[in-house]
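Top line first, the protein sequences correspond to chains W and V. Counting from 1, position 223 in the first sequence corresponds to residue 223 in the working numbering; the numbering is continuous, with no gaps. Counting from 1, position 235 in the second sequence corresponds to residue 235 in the working numbering; the numbering is continuous, with no gaps.
Since the hints were derived computationally from the structure, they do not count as laboratory data. Quick caveat, the model's predicted, so the values are computed rather than measured. Even for Gly, the Cβ is constructed at its ideal location relative to N, Cα and C. One should not assume that every hint holds.
Stated by the list, open to error - Calculated lysine to aspartate or glutamate pairs in the DMTMM-like style (CA-CA distance at most 20 Å, straight line): (1) V:Lys78 to W:Asp328; (2) W:Lys225 to W:Asp54; (3) V:Lys63 to V:Asp206; (4) W:Lys8 to V:Asp140; (5) V:Lys239 to V:Asp177; (6) W:Lys50 to W:Asp261; (7) W:Lys8 to V:Glu106; (8) W:Lys8 to V:Asp121; (9) W:Lys225 to W:Asp261; (10) W:Lys254 to W:Glu86; (11) W:Lys132 to W:Asp54; (12) W:Lys8 to V:Glu139; (13) V:Lys124 to V:Asp137; (14) V:Lys124 to V:Glu139; (15) V:Lys67 to V:Asp33; (16) W:Lys210 to W:Asp400; (17) V:Lys78 to W:Asp54; (18) V:Lys194 to V:Asp177.
To be verified - Every beta carbon over 12 Å from chain V, so not counted as near; a handful from chain W, in silico: (19) Phe4; (20) Trp15; (21) Thr84; (22) Glu260; (23) Ile265; (24) Thr279; (25) Arg312; (26) Ile318; (27) Ala324; (28) Val329; (29) Tyr391; (30) Ala397; (31) Asp400; (32) Leu405; (33) Glu408.
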Amino acid sequence: MNIFTTFKLAIRALWRNKVRTLLTMLGIVFGIGAVIAMVAGGQGAQASVKEVFDSLGTNVLVLSGGAQRTAGASGGAGSRQSLTWEDVKALESGEISSIKWVAPTMSTRTQAASEEANWNTSVTGTTSVWFKIRNWEASRGATFDEDTGNSTAKIAVIGQTVATQLFANTNPIGQTLRINGQPFEVTGVLVTKGQGPRGDNDDTIIIPLKTYQQKMEKGLAKYLKGEVLLSMVEEGQAQRTIAQVTALLRDRHKLDGADEDDFRIRNPAEFAQAQKDSTERIATLLAIVAAVSLLIGGIGVMNIMLVSVIERTREIGIRMAVGAKPIDVMTQFLVESLVLASVGGLLGLALGYGAAQYMAGYFGWKFFFPMETAGIAFGVAGGVGVGFGLYPAIRAAQLDPITALRYES
Amino acid sequence: MPPTLIEMRGIQRTYVMGDNLVHALRGVDLDIDAGSSIAIMGTSGSGKSTMMNIMGCLDQPTKGTYKINGKNVSGMSKSELANIRGRMIGFVFQSFNLLSRTSALENVEMPLLYQGVSSRDRHKRAMAALAAVGLQDREDHHSSQLSGGQQQRVAIARALVGDAPIIMADEPTGALDTRTSYEVMGILQGLVAKGKTLIIVTHEADIAAYASRVITLRDGLIVEDRQQTPIDAAAALAKVTAEREVADLALAEKNKRAEKAS
Chain W
1 MNIFTTFKLA
11 IRALWRNKVR
21 TLLTMLGIVF
31 GIGAVIAMVA
41 GGQGAQASVK
51 EVFDSLGTNV
61 LVLSGGAQRT
71 AGASGGAGSR
81 QSLTWEDVKA
91 LESGEISSIK
101 WVAPTMSTRT
111 QAASEEANWN
121 TSVTGTTSVW
131 FKIRNWEASR
141 GATFDEDTGN
151 STAKIAVIGQ
161 TVATQLFANT
171 NPIGQTLRIN
181 GQPFEVTGVL
191 VTKGQGPRGD
201 NDDTIIIPLK
211 TYQQKMEKGL
221 AKYLKGEVLL
231 SMVEEGQAQR
241 TIAQVTALLR
251 DRHKLDGADE
261 DDFRIRNPAE
271 FAQAQKDSTE
281 RIATLLAIVA
291 AVSLLIGGIG
301 VMNIMLVSVI
311 ERTREIGIRM
321 AVGAKPIDVM
331 TQFLVESLVL
341 ASVGGLLGLA
351 LGYGAAQYMA
361 GYFGWKFFFP
371 METAGIAFGV
381 AGGVGVGFGL
391 YPAIRAAQLD
401 PITALRYES
Chain V
1 MPPTLIEMRG
11 IQRTYVMGDN
21 LVHALRGVDL
31 DIDAGSSIAI
41 MGTSGSGKST
51 MMNIMGCLDQ
61 PTKGTYKING
71 KNVSGMSKSE
81 LANIRGRMIG
91 FVFQSFNLLS
101 RTSALENVEM
111 PLLYQGVSSR
121 DRHKRAMAAL
131 AAVGLQDRED
141 HHSSQLSGGQ
151 QQRVAIARAL
161 VGDAPIIMAD
171 EPTGALDTRT
181 SYEVMGILQG
191 LVAKGKTLII
201 VTHEADIAAY
211 ASRVITLRDG
221 LIVEDRQQTP
231 IDAAAALAKV
241 TAEREVADLA
251 LAEKNKRAEK
261 AS
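Only chain W is shown next, with the shape it has when bound in the complex (with noise of 0.2 Å):
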């Protein structure tokens, strides 16, 4: 019999019982399914994870202030004042060749204001490689070149939230909002980095160091009320470049080998590895309680065809008496649940593709769809198929042709 044929008597066959086709056909639909929204939504998850930590640049050390003790109660980090501008400028000097750029940054959430609105955002003053460290670039305008970074001027970056919310959809460059009652002029429009760490990236203004400290902190201080970004020349240098600058704080600070030390040092690269390998487990654990419920979907389509043959042992027994060899008979059920699998895993694919979907909005992922993933979910459901259709095709291929015909359901 050619296949084409037995393809066609196998629907047909399947066509005749359709609620017990489309409840067996359940089990592998939701198996694929479950599989494909896990492996994407995983990898969809994974992903954000991987774009917020990049998008507060690659290959960065955070320093900040120690932790400020009181009576043995801690402030946390950067409450305790004593990173020193003098330590910056060591900083800076090239004697860590591991360093590449040093952005000293102090920050403030306060009110801003346009003509027509006002918003509550957060203000950093910092210098120009603070742009080239974060890898951020202006949509509109320019960012701070060295000049203007160093200078006291009174021009602001806005971050697109910040343009949104005060400028709605004029252009900003060029216009004037207040800071503090301040007046700024926008000089740049930063593009969209969308969610980070600390929440939206784009909710920021950045202007000078310089101007800040003049306009927010009322003048220069010793100490550096912020953070200091330091960029490395090449991956793979953290380690290194921690002990070095380490070093060179303590040696500045004056501390023994007994005191702690007075300063943090943050990776957030290694932060955001462990945050990505966490995903991953999650995801892979997903990923296999989605193969179990295949699995138990498989276990499904063998139990029917099981019952099938039983069910249907007449007629086998008649295509036995009509000239059927047991090949025949045996191609007919497994084709019959190949064709089964194979039509639930398609439907898999559409309800993963769907669920995938829907969780990459929901959670606000990036959509994954992942191409391997599927080809080898519907192959598995094909073997499943196969698979779990093997032992009935061969109990109904071994079946007595007498026994058969005289069987009485």
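Starting from the known structure of chain W, fit chain V onto it as the hints suggest.
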């Protein structure tokens, strides 16, 4: 002298049933000529079903040789037997054995599927076989939409479609009323007239009367083998039909009179 189509020599068949050895056939010798009609009779337990299973290549003898058309069938594999069944034998069963929820046409086409006949030829030959049993306009009907007689005729069409020389009928009229039995036997006799070899397995002498040769089995052995002039089923059917018409007319007349009287 017509050629010998079936040749059985010293056929024995034993079954193990629990601890007992059951001798269903104890050494049967039988030759059947091509184009003849033969009835195999016997009570239940006589071995006639076993005989039919072996003749129909559904079962293998424990001992002895069985040749169809000169070809030794004993010792063949399941697949080879299936092949022989498909090409040489058309079965007609007491309970029709049509596939449910399947059209008459598909039922008739089924044997051809396993012989690798193309879809167009299958359709053509199945339609011809249905026409041969007078069901040309019922090809789309499912078995549940057909009467018992019609179902058995579909089964006969299925037995014919592969052009097998042997038609093997196991109690073909067992589930039918008298009139329909005549119809079905008429069709089967018609096939013999066209050169088919008909083997009927039955326990009813009435049905055996349509064959030209009757063998009787008892306890796994042939105890009687006789030739006879078969009854003509077509003539019997005509007679029954005529009688019924007369009876119907008489009944109608009676009813009319009764109506008038009241």
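Task: Outside-interface status for valine 329 of chain W - nearest CB in chain V farther than 12 Å - done: 9 Å, violated
Task: Hinted pair lysine 254 of chain W and glutamate 86 of chain W, Cα distance within 20 Å - done: 14 Å, holds
Open item on the list: Checking one constraint from the list: CA of lysine 210 of chain W to CA of aspartate 400 of chain W, max 20 Å. Satisfied?
Closed with: 95 Å, violated
TODO: Verify the proposed pairing of lysine 78 of chain V with aspartate 54 of chain W, using a straight-line Cα cut of 20 Å.
DONE: Violated, because 68 Å separates the two Cα atoms, which is more than 20 Å.
Task: Hint consistency between lysine 124 of chain V and aspartate 137 of chain V [alpha-carbon to alpha-carbon, up to 20 Å] - done: With Cα atoms ~14 Å apart, lysine 124 of chain V and aspartate 137 of chain V stay inside 20 Å; holds.
Task: Satisfaction of hint between aspartate 54 of chain W and lysine 132 of chain W, Cα-Cα up to 20 Å - done: Holds - the C-alpha atoms of aspartate 54 of chain W and lysine 132 of chain W are around 13 Å apart, at most 20 Å.
Task: Given pair status - glutamate 106 of chain V, lysine 8 of chain W, alpha carbons within 20 Å - done: Holds, at roughly 12 Å.
Task: Holds or violated: lysine 67 of chain V to aspartate 33 of chain V, with C-alpha atoms at most 20 Å apart - done: Holds - the C-alpha atoms of aspartate 33 of chain V and lysine 67 of chain V are around 12 Å apart, at most 20 Å.
- [ ] With a cut-off of 20 Å on the C-alpha distance, tell me whether lysine 225 of chain W and aspartate 54 of chain W pass.
- [x] Distance ~25 Å between lysine 225 of chain W and aspartate 54 of chain W Cα, so the pair is violated.
- [ ] Grab the minimum beta-carbon distance between phenylalanine 4 of chain W and chain V and tell me whether it stays above 12 Å.
- [x] At about 9 Å from chain V, phenylalanine 4 of chain W fails to clear the 12 Å cut-off, so the statement is violated.
- [ ] Compare the distance between the alpha carbons of lysine 8 of chain W and aspartate 121 of chain V with 20 Å, and conclude whether the hinted pair is satisfied.
- [x] Between lysine 8 of chain W and aspartate 121 of chain V the Cα gap is close to 17 Å, so the pair holds against 20 Å.
Open item on the list: The output says arginine 312 of chain W does not contact chain V. Does that hold with a beta carbon cutoff of 12 Å?
Closed with: Nearest chain V Cβ is 9 Å from arginine 312 of chain W, so the label is violated.
Checked against the numbered hints listed earlier, the structure breaks hints 2, 3, 6, 16, 17, 18, 19, 20, 25, 26, 27, 28, 30, 31, 32, 33; every other hint is satisfied.
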